[in-house]
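**Q** Okay, here's what each chain looks like letter by letter:
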Amino acid sequence: MSVTRRRFLKLGLTTLAGIGGAMALDGFWRGSAEASEVLTDQKALKAKHWAMVIDSDRLKSAENVQRMIDACHRTHNVPDFGNSKDEIKWMGTETYEHAFPGQENGYLNEGIKEKLFPVLCNHCENPACVRVCPTQATFKRPDGIVAMDYHRCIGCRFCMAACAFGARSFNFRDPRPFIKQVNPDFPTRTKGVVEKCNFCVERLEKGLPPACVEASNGALIFGDLDDPNSEVRQVLATHYSIRRKPELGTEPSVYYLIGGGEEHA
Amino acid sequence: MLEKALSGSRRYWAWVAVLLALIAVGFSTYLKQYHEGLGITGMSRDVSWGLYIAQFTFLVGVAASAVMVAIPYYLHNYKKFGKIVILGEFLAVASVVMCVLFIFVDLGQPVRVLNVLLHPTPHSVMFWDMIVLSGYLLLNIIIGWTSLGAERKGFPPPSWVKPLIYIAIPWAVSIHTVTAFLYAGLPGRSHWLTAIMAARFLASAFAAGPALLVILCLLLRRLSTFDAGRESIQALAKIVAYAMSANVFFFLLEVFTAFYSHIPEHMAPIRYLFFGLDGHRGLVGFMWSAAILAFVGIGLLINPSTRKNERVLPFALAAVFIAAWIDKGLGLIVGGFIPNPMGRITEYAPTLPEIWITLGVYSIGLLVLTVLYKVAIAVREEESLAAHG
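These protein sequence lines are chains P and E, in that order.
Quick note on numbering: this note's numbering labels position 174 of the first sequence as 174, and the sequence is numbered without any gaps.
Quick note on numbering: this note's numbering labels position 24 of the second sequence as 24, and the sequence is numbered without any gaps.
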């Protein structure tokens, strides 16, 4: 059977129409996908700039801090390998001289010197980790939270080199066998990707405060830094606060009250 | 032309077999790493880059072998380099191939590597490093292969190669600069946060690349009919001497700034590397070896009588090469992570699997180099046979 000129043209036109139609459908599809993305829980907590204030005076003992860490790690399926080399931590503890290097002195008040301060991702306003990530697997959300896409991360660990706070961990091994009890509400990770504190975006979406804040007995205050009436702003306006390595200009969103923090509400 | 790599002496095939065996061991170890994760290496939460990224950094420098021959030959018409310019380009090709492989074996999720292209991110230096490295690889393959092909037919290289040759010169500067920017732009790593990092990379590269090239020329003279010529070897050796002097000078500038300013976090990594910190002395032996080798190498290369002595020359060049390797392939990267951002110390030592994978990648590079050099030399032999026969 020979293909006539007429048949050939017809075939061509039909194909073109098909492609055009598919593209239009694709656009329609995408449009509707975007529409569904903005549907969030009515109870969801929202802010323009999430921030945390850590009132160290209220953290009386190491157990207080450990309870927060346990709550965080349980919620987020953080594995326990039992060694520091492969260790994954979203929240850890450091003494004053290690949490705030360069701000220590030899005559520090014993209480402050020996206290364990919780350290976590600072959710910086100018995050170096986001700047260096070659795939945008780590990115800053409009609400200020520095988030991770575990499915896009290639595991190059440039973000770990860039982070000035040691906040990031890498899955050197398959983490799943080392999770004591899996929380089905949060994804587990695979080997070869970086992870860190996410300010509990998944809980904020459901109207819940971050797990560590909930377990802190009021020692951690969480709220919107852009809202002058928020509790974090009230506390910062009435107390002396410091941040980790402010001189680097990353603008951490985690503030620490050191001493004199007893009287706030 | 590639068929010329398929015929060779028994010694040639024995060498190829050794490389293939090492590649096989490296590859099977890589499969283990692929299945179990990077936990089989010595890297940790605190020292999150190790031998792989350090080798990548060092080999970007070795790729400079091409430009240090190309500038005198193409820009200053220094004819003596005519014979070795192709060797410089092919060494650059092998080096960049290894660079790419070292990045690849360092990835936690290697199957996702194309995400870098799928989500191009111009604010990441890694994105630009990928562009300059792949560009430099292509430039050197095209320039080297086309020039050699033309030479084989007895013609000058086609005119369209000329612009590529000129582009390749600033492009070579870009690979060192952009690679240095990977480190020099990070706010929390005092050891890397230095404006002179890119200049150090260039100086170190212009020493290590030509040093290896001369060693290879001396080897080829023994193993094949290829003779680079005394004069070009001496000229390259002088380049190595002054580039290494600049490299050491730049390093001493870092030492001055850190210790005279007396800023603790700038002093700490250098202290760790050369004296140890809080009893952790993992790299002290290496760093002092590098310092001694650097000064011995420079001394032997600057002094005309030792440089001209071709029995001393390979040792002087090897000293410079090893010093540059310890400096960049070990100290610079690991030193950047010690102490960690909290001022705590976790040391790093590569594991055996990590070393096997590293050797495997080096073997792939050497195999590429062997094949390319074999082709280049066979083409030259064919020519001289045609001229005399």
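No lab work stands behind these hints, which were simulated from the structure alone.
Glycine included, every Cβ here is placed at the ideal spot set by N, Cα and C.
Take the hints with a grain of salt, since some may be wrong.
[To be verified] Below, in silico cross-link-like pairs of lysine-lysine (DSS-like), each with a Cα-Cα straight-line distance of 25 Å or less:
id, chain 1, residue 1, chain 2, residue 2
1, P, K191, P, K46
2, E, K238, P, K85
3, P, K140, P, K206
4, E, K32, P, K191
[What the hints assert, rightly or not] On the chain E side, residues computed to face chain P include the following (Cβ under 8 Å):
id, residue
5, R11
6, K32
7, E36
8, R45
9, L107
10, R112
11, H119
12, P122
13, Y166
14, I169
15, A184
16, G279
17, G282
18, P341
**Q** Next, verify each hint and record whether it holds.
**A** So, going through the hints one by one against the coordinates:
{"no.": "1", "hint": "K191(P) to K46(P)", "result": "32 Å, violated"}
{"no.": "2", "hint": "K238(E) to K85(P)", "result": "45 Å, violated"}
{"no.": "3", "hint": "K140(P) to K206(P)", "result": "20 Å, holds"}
{"no.": "4", "hint": "K32(E) to K191(P)", "result": "13 Å, holds"}
{"no.": "5", "hint": "R11", "result": "40 Å, violated"}
{"no.": "6", "hint": "K32", "result": "12 Å, violated"}
{"no.": "7", "hint": "E36", "result": "7 Å, holds"}
{"no.": "8", "hint": "R45", "result": "5 Å, holds"}
{"no.": "9", "hint": "L107", "result": "5 Å, holds"}
{"no.": "10", "hint": "R112", "result": "5 Å, holds"}
{"no.": "11", "hint": "H119", "result": "5 Å, holds"}
{"no.": "12", "hint": "P122", "result": "10 Å, violated"}
{"no.": "13", "hint": "Y166", "result": "30 Å, violated"}
{"no.": "14", "hint": "I169", "result": "27 Å, violated"}
{"no.": "15", "hint": "A184", "result": "12 Å, violated"}
{"no.": "16", "hint": "G279", "result": "17 Å, violated"}
{"no.": "17", "hint": "G282", "result": "15 Å, violated"}
{"no.": "18", "hint": "P341", "result": "4 Å, holds"}
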